[in-house]
Amino acid sequence: MVIDVTEATFETEVLERSKTTPVVVDFWAEWCGPCKQLAPALENAANAREGQVVLAKLDTDSNQNLAAAFQIQGIPAVKAFKDGRIVDEFTGVQPPAEVERFFDRLVPSEADLLASSQDEASLRRALELDPGRADAAVALARILLGRGELDEARAQLEPVRDSYQADAILARLDLEPVLPELSPAFAELDEGLIEAPLDSLIAAIAANPERKDDLRKVVVGVLDQLGVEDERAREYRRRLATALY
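When you read off a place in the sequence shown, starting at 1, and then add 1213, the result is the number in my numbering.
In short, the hints are calculated from the structure, not lab data. Among the hints, a few may not be true.
Derived Cβ-Cβ restraints for the label pairs, each shown as a range [claimed, not checked]:
#  : residue 1 : residue 2 : range
1  : Glu1224   : Gly1287   : 20 to 30 Å
2  : Val1306   : Asp1364   : 51 to 61 Å
3  : Gly1305   : Asp1364   : 11 to 21 Å
4  : Arg1298   : Asp1443   : 20 to 30 Å
5  : Glu1224   : Gln1286   : 15 to 25 Å
6  : Ser1330   : Val1215   : 44 to 54 Å
7  : Pro1344   : Lys1232   : 30 to 40 Å
8  : Lys1425   : Ile1299   : 17 to 27 Å
9  : Asp1364   : Thr1225   : 34 to 44 Å
10 : Arg1451   : Ala1334   : 51 to 61 Å
Distance condition first, Cα-Cα at most 27 Å in a straight line; then the derived DSSO-like pairs of lysine-lysine [stated by the list, open to error]:
#  : residue 1 : residue 2
11 : Lys1295   : Lys1249
12 : Lys1270   : Lys1249
13 : Lys1232   : Lys1295
14 : Lys1232   : Lys1270
15 : Lys1270   : Lys1295
The C-beta atom is built at its ideal place from N, Cα and C for all residues, glycine as well.
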């Protein structure tokens, strides 16, 4: 989908629209030869994605306030918007293959869509397409954990790298056999409770210093789920640091 935008329509057609559909803005001008050279690759990429990405063309000569607002110093300048903000950009003519990759980064892959569905079959298929994918592996491991399939849960998580939540579940699998007194806390976490199980896990650090790293990983995984803006996360990070150091 390709549209023309102006200063009068930019907020609606770009910023608001980008909250539901990614919008790529092509800052161009009639006199600009490189702009005309790049345009077919942009338009082909947008049309090939059948409404999954919108290409908005903005004439910088006719919309100089917007060009100034986005600090356009050279054209063609291409900026991708999601959720009302710029998430990717480039300046100058790019080969068609690079333009395609630029658009691909804005569109959910098949694995993205499968991972977001959260049912077991979709999660397994997402991992077939993208082995070691953290969000799918963690969600699948939680399903397996709930069924008591602990070895398979571990097997799904071991290829995952750089995931606090994956590390938390692996640490839990190591802790449960040796600290059975924490089973109620883990059960509470499974039920969606936060404060009481975190209190128990942090308290266990002093009593089990040899297991403090595993306990830290479980707590950090819960805090990662809560997100950095959550008031409880800030408070429990402080309490965890006190318990550890």
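List in ascending order the numbers of the hints, as given earlier, that are violated by the structure. Violated: hints 3, 6, 8, 9 and 10.
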